[in-house]
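Here is how the chains run, residue by residue.
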Amino acid sequence: MNLHEYQAKELFRAAGMAVNPGEVATDAEGARALAEKYGGSAVVKAQVHSGGRGKAGGVRLARSAGEAAEHATAILGMEISGLTVEKVLVSPIENIETEAYVGVLVDREGQCPVFMVSAEGGVDIEEVAATHPEAIHRLRVDPRYGLMPHQAYGLASKLYDDPKLVRQGAGVISRLYDVFMDNGASMAEINPLISTTEGVVKAIDAKVSIDDNELFRRTAVAALRDPASESAADARAREAGLSFVKLDGNVGCCVNGAGLAMATMDLVKYYGGEPANFLDIGGSSNPDKVVEALRIITSDPGVKVILFNIFGGITRCDDVALGIVEAVRRIGFDLPLVIRLTGTNEELARGILAEAGLAAVASMDEVVERAVQLAR
Amino acid sequence: MSIFVDEHSRVVVQGITGRDGSFHTRQMMAYGTRVVAGVTPGKGGLGFEGPGGKAVPIFDTVADAVAETGADASVVYVPPAFAASAIMEAADAGVGFIVCVTEGIPVLDMTRAHALARDRGSRVLGPNCPGIICPGKTTMGIIPGRMVIPGPVGLISRSGTLTYEAVHHLTGGGLGQTTCVGIGGDPLIGTSFVDCLSAFAEDPETEAVVMIGEIGGTAEQEAAAWVSENLDIPVVGFIAGRTAPPGTRMGHAGAIISGSSGTAAEKTKAFEDNGIKVAKRPVEISRLVAAALG
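From first to last, the protein sequence lines stand for chains C and U. Residue numbering for the first sequence follows our numbering, starting at 1 and increasing by one per position. Residue numbering for the second sequence follows our numbering, starting at 377 and increasing by one per position.
Treat the hints as calculated values from the structure; they're not laboratory data. Heads up, the beta-carbon is just placed ideally off N, CA and C, and yes, glycines get one too. Among the hints, erroneous ones may be present.
Which residues of chain U face chain C? A partial, calculated answer using Cβ under 10 Å [said to hold, decoys possible]:
#1 Gly480
#2 Ile518
#3 Ser535
#4 Leu564
#5 Glu590
#6 Thr624
#7 Met626
Have a look at the derived ranges for each label pair, beta carbon to beta carbon [what the hints assert, rightly or not]:
#8 C:Gly351 x U:Arg496: 49 to 55 Å
#9 C:Arg329 x U:Ala443: 51 to 57 Å
#10 C:Arg238 x U:Asp436: 35 to 41 Å
Work the whole structure out from these sequences, hints included.
In structure tokens, the structure reads:
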């Protein structure tokens, strides 16, 4: 789950980190009032879960409170990567001397948190990594000891020469680690971390992603979810415990298991079709889940055919068949349905489907090929 | 031969009285797994009834189970909130091989669990994995026993049902397996492709290996490099997620393309550059294995 910049900054402040001031506005008048409070000039930033806000025109400098109001009017309601901007963050303008990058995420190989810092901040860090990787310094953190003070100091010394700045930088880095660990983050990033002409180090941007697996035990963090940033189908899938990703094609896919679901999408493409979604109903044998999955798929107007690919292991084919029959009865859609069921209780499932006038095939290639034909 | 475990492995089931734990314990016992103990805190002293009325003693702690029964392997069917600590408990009790089926464990919990398991010299399989099955010998986890037969193929996979799909075709084509290992779909897993490949390399009965990978991370690329340096039996690969969009988690927590890294194209190329034949469809896996074995 991604947090908005203003939410991430709240976590940073709560941890005692130096962060530039700022408050959220949802209309032009709110933005004007905030800019006045900060002395007239201000930066107005779109609060939306997307990179490249600056390039999209979602970050603007205002030299007066009136201009801040105009910028807010322009940014609010703007679409960035398909997401509508509903909030702007208004902050005073800082006198920037240097811009650095500081980030921490989970390192798959090292199986531990890893810090990445670079004196070249304020730009796309992936690009820095690609063009001159030597500008990025990494440090793996042993989760049993945490980030030790000398390690934070060592990282900060890669960013600054002036000992006063290094000390402040080390403080920011330590606080960032605290935020990362205390909120169950999978990534926490400051880009840029600035030093001002007054010699102060502070975060002027913030990006935090929370590990979805942590949300059950972190209610305060879970409450930060912005319902507006999630489509109705995504919210529905999340509540039903289904893994769902909307794509642009017309073959609606309903599969058990993430690997098989991906392989099914790939096979749709192989036979010349385009998958409309990734959907994993999981290992559950609950017919209601199947009904919910079909509701989500049929709510996409682009879907021309619905493809089931079920390999029964723990998932029992008869339960899935019951769910399909129940969904057809309850939702009453008239899209063609092609079904592949094999494995646990396959024969029972075929019987259930046959009674409802539905048929199933046993091979994945056969069912996908047929779905692609029907979608044409 | 099988890798990691065999018919002599003495298995303790953590979470044996839970819904999943009890169901799969019966399945494992029916297959022939030597389930010697179960652990559910607070239920020590009770018994678990397996198939045919066979009783399994339940203990409060893994340490008790190990002391009383000599268990040397464990399967964890504990809910996500407690699964990392269950793994740590098993490692601390000296269990050498720990299979964790649980999906949805917080990643930061696993950084600690993996660190402790490494310190104690325990091998963790998973988490978020279907487990391991050695056809005709033993099974730990949730892989259905009836779809495998003994034979010369070793199989390693990050996915559950996609493994079933591949094994289904292998078995259907008369190609049995030495061991099928599901290494798990999480970003932090205890046993890698390379760990499994090294074990298969030591096994004289494994004549070919199937590797089923997916988007996210670099484990397949590392495995491909290892294969070209160290393995002289044929390897067949498959990568799921060619159509997955970047930056989006595809079901498995570890199945995500970050920036431009971890794509199916990158992994397929790493396989092909290192002499691994790549199946474009799951059905081709068994054909490529058959061709490689002559």
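Right, here's what the structure says about each hint:
1. Gly480: 5 Å, holds
2. Ile518: Holds, because the Cβ-Cβ distance from Ile518 of chain U to chain C comes to roughly 6 Å (cut-off 10 Å).
3. Ser535: Holds, about 2 Å.
4. Leu564: 5 Å, holds
5. Glu590: 6 Å, holds
6. Thr624: With Cβ-Cβ at 5 Å, under 10 Å, it holds.
7. Met626: Holds: closest Cβ of chain C sits about 6 Å from Met626 of chain U, inside 10 Å.
8. C:Gly351 x U:Arg496: 49 to 55 Å: 51 Å, holds
9. C:Arg329 x U:Ala443: 51 to 57 Å: 56 Å, holds
10. C:Arg238 x U:Asp436: 35 to 41 Å: 36 Å, holds
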